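Asker: Following the hints, position chain A against chain U.
Number of protein chains: 2
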Amino acid sequence: MASRERIGLIGAGPSGMALLRAFSLAEKAGAQVPEVVAFERQDDWGGQWNLDWRTGADKYGEPVHSSMYRDLWINGPKECMEYPDYPFDRHFGRAVPSYLPREVMSEYIRARMQDVDVRGQIRFSTAVRWVQKHDDGRFRLTAQHLVSGESVVEEFDRIVVASGHFHTPQVPSWPGIESFRGQVQHAGDYRSAEGYVGKRVLVIGSSYSGQDLALQLHRAGAKHVTTAYRKQPQDIAWPQGMDEQPEVQRFDGNTVTFAGGAQAEYDMVLLCTGYLHHYPFLPQELALGGPNLLCPIGLWKGVVWHDDPDVLYVGASQQLFTLTLLEAQAYFARDVLLGRVEVPEAEERKADMDAWFERMTQIDGPPAALAYQGAYIQDLSAHTDCPEVDVEAVAETFLQMRDARIEDVRTFRDRQHRSTVTGTMAVPHHTPWMQEFDDSAENFQR
Amino acid sequence: MASRERIGLIGAGPSGMALLRAFSLAEKAGAQVPEVVAFERQDDWGGQWNLDWRTGADKYGEPVHSSMYRDLWINGPKECMEYPDYPFDRHFGRAVPSYLPREVMSEYIRARMQDVDVRGQIRFSTAVRWVQKHDDGRFRLTAQHLVSGESVVEEFDRIVVASGHFHTPQVPSWPGIESFRGQVQHAGDYRSAEGYVGKRVLVIGSSYSGQDLALQLHRAGAKHVTTAYRKQPQDIAWPQGMDEQPEVQRFDGNTVTFAGGAQAEYDMVLLCTGYLHHYPFLPQELALGGPNLLCPIGLWKGVVWHDDPDVLYVGASQQLFTLTLLEAQAYFARDVLLGRVEVPEAEERKADMDAWFERMTQIDGPPAALAYQGAYIQDLSAHTDCPEVDVEAVAETFLQMRDARIEDVRTFRDRQHRSTVTGTMAVPHHTPWMQEFDDSAENFQR
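Protein sequences appear in the order of chains U and A. Be aware that the first sequence starts at 1, since it is given in our numbering, and climbs by one per residue. Be aware that the second sequence starts at 1, since it is given in our numbering, and climbs by one per residue.
So that you can see chain U by itself, here it is in the shape it has in the complex (with noise of 0.2 angstroms):
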């Protein structure tokens, strides 16, 4: 008898939770499933949702995982973020608004894992420090315990890197930045807007989160906030103390030139420029790399690394479906690995990986955008059992969002949206967004 396979799987946030989830279920249902080793750096799952007062290094010396922080709600509808198998009237009881704080999203992401029992195959506080092919094909994996300090180098067979999307912090420079005197903190170090009460403030970077980010410091009293976007303006209807300038030329010490020569003068420089595809214990041949695309370079299916197929990824494409994205990607990388989903060669692999990125160069907007992450979800979800989301309603939700935004980004968090899953009606939360500074799950609860 062949010895049972064994994966190493690498991180357990959203998305290693979901693979875990997805072998469970399968075996439950009989199927014979391989030994799955999850290595996570944190000590407790989660992922990204463990928010941590901490930022730079972490109680172990670690780079912290999280960037999230205090006073960060969803950005975008629970109803856009809902399991079809967990739904929220499920996990609550009762209708609740549409936005969630984060203590309270993260407690739902938590909650689902109950029908499962995977923490034990979960070794907490450890960190990958390498991983290796080696002749005889298998993978030798260097994980060093944080709290014991103790190392150990593991066989297997295949690996899943699902090590997050948004812990590792991209900071370009500009000409000058060096000679700007006051603080340049990028987004994913950013916990408080206390420092920057009474400041004038550049957010620099406009999507989603460099929106969210400049509103935050604007309701918490900052003197003026500009962001500035790279590539085109938003449609933002901005409030007064705030503006929108484009791309970044130069600074001069605190004097900042936009392109077309405006000039401005700042305090404080707050950078939402994104996040790294930044894998610190992979070789450079099984390391995914390049911006952050709706089609990854070099994943098949966005899951199954083209260049070597027993390396597998979950949750490395851009997010706009989020939590049902993940669960569509691990569903797909467990029946890749259980052998339900066959792998065809390299050249039929190719194929696809560029038909879909060609695909994605196509897009003209936010609609496109989420019909092609909705087909995507499709496509993998043909192959498994993952439970079915409407993408199509949820893509509407979304664009409902964005439309609310564009009218008015302080009161878009104020409305209600209806679940693609049960139909229900979000309700009014007590406190209008702007005004409400309690981000505790009591509070929300209340």
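Think of the hints as simulated: they come from the structure by calculation, not from any bench. Treat each hint with caution, since some may be false.
Copies of the same chain look alike in the list, so a pair counts if it fits in one copy or across any two.
Stated by the list, open to error - Lysine to any residue pairs mimicking SDA-like chemistry, simulated, CA-CA at most 25 angstroms apart:
id, residue 1, residue 2
1, 59, 170
2, 59, 246
3, 223, 240
4, 59, 172
5, 59, 134
6, 133, 152
7, 59, 318
8, 231, 356
9, 350, 150
These figures come from a predicted structure and were not determined experimentally.
Answerer: Then chain A, alone, in the frame of chain U:
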């Protein structure tokens, strides 16, 4: 003929630079030296002295190495950090003030390397990922080039760890800290006082650098600055707008309770809680741990790893003498590697380590600490041709600085001290430190 021995050196900051230079001088004098290959994560040498405006992640997504900040001036007189074989007189060509801004100090450390040609031995922008000793007694060192992403595994006979001392923040916790609504920042992430202007700031940690940062915030316009000490109050006459409190007991929101029961409210917290021995590329059996001590635990002569004498450390001790301490350790390491210094058997090493440790426990204040490290440097240097330091005279200079600091922490940097190498007396800087907000080399030289 046996093949030439290969030494893997991790880090090309002041410690690694000193070791490379010491080897080069020995070779010029006719010695047969091993092949030394240095791995440096940054793009340039200089280690900690290379200010990075970034915090958190560097441009490659790696942890930022430097903890230096704008307006950092050395916190002891330059006369305590003078290389005997490269006096400041030679570097500047004239007498200059005792206190140098970071940039000027950095230039001094680099300029001193002009008499050797060792940069070619350094692999820049290269992170060491893992080091493992194999059964054949040789080390496999896995390193990754951060620009190309390429990784290599190289074999070495011995390893020298010189990866620095002030790069990985030690971030302890306090009850209730997660309820604090302001910003909590470790000194390692501090670059600018801007966010602290007008705020009530609690600085936790009262070592020299804690005091320095407290004073930086005060002179930059913080509303109030408290420094909290852990062991005993500092003999410092704090100016109006500053005070001192004992250990923090807990946070309740923004209210802080100190040992003894005093309470106060703060807007911001700056953690000057020191740095960790953090070697994420070393297995536990080779990794120095424990607190930051004059006599680090497990290192014979503060240099040779007792459990495996094929591993050496330079720059791991708590630093009072700084550059000249690193120099003494580098020469000692070199001479161990050259076989000029014999490493005794385990029992003898142990006895020597125990004796130095015991002696450390007798230290009852700064004069004794300086005498201890002076004696340690002399002990090392007795075995090598390391240029001699007049440790008593340097200790005397340190104590003059300390007295000046106690007298007025705002003006001690305006004092002048005498070189123990050349006898040259420093000259006053053109601007009192409290009013000096230009830390450029240009302004200093003016």
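Asker: Evaluate each hint against the coordinates.
Answerer: Structure-based check of all given hints:
1. For the homomeric pair residue 59 and residue 170, the shortest alpha-carbon distances inside one copy (23 angstroms) and between copies (7 angstroms) are both at most 25 angstroms.
2. For a Cα distance limit of 25 angstroms, the shortest separation of residue 59 from residue 246 across copies, 23 angstroms, qualifies, whereas the shortest one inside one copy, 39 angstroms, does not.
3. With identical chains, the CA atoms of residue 223 and residue 240 are at most 25 angstroms apart within one copy only, with a shortest distance of 10 angstroms there and 28 angstroms across copies.
4. When the C-alpha separation of residue 59 and residue 172 is checked against a cutoff of 25 angstroms, the pair qualifies only between copies, where the shortest distance is 7 angstroms, while the shortest distance within a copy is 27 angstroms.
5. In the homo-oligomer, the alpha carbons of residue 59 and residue 134 never lie at most 25 angstroms apart, since the shortest distance is 33 angstroms inside one protomer and 31 angstroms across protomers.
6. In the homo-oligomer, the alpha carbons of residue 133 and residue 152 lie at most 25 angstroms apart both inside one protomer (16 angstroms) and across protomers (13 angstroms), since each shortest distance falls under that limit.
7. Taking the shortest Cα distances, residue 59 and residue 318 sit within 25 angstroms of each other only across copies (21 angstroms), while inside one copy they are farther apart (29 angstroms).
8. In the homo-oligomer, the alpha carbons of residue 231 and residue 356 lie at most 25 angstroms apart inside one protomer (23 angstroms), although the nearest pairing across protomers, at 62 angstroms, exceeds that limit.
9. Taking the shortest alpha-carbon separations for residue 350 and residue 150, only the inter-copy value of 23 angstroms comes in at or below 25 angstroms, while the best intra-copy value is 41 angstroms.
This entry does not satisfy hint 5, going by the numbered hints stated previously; all others are met.
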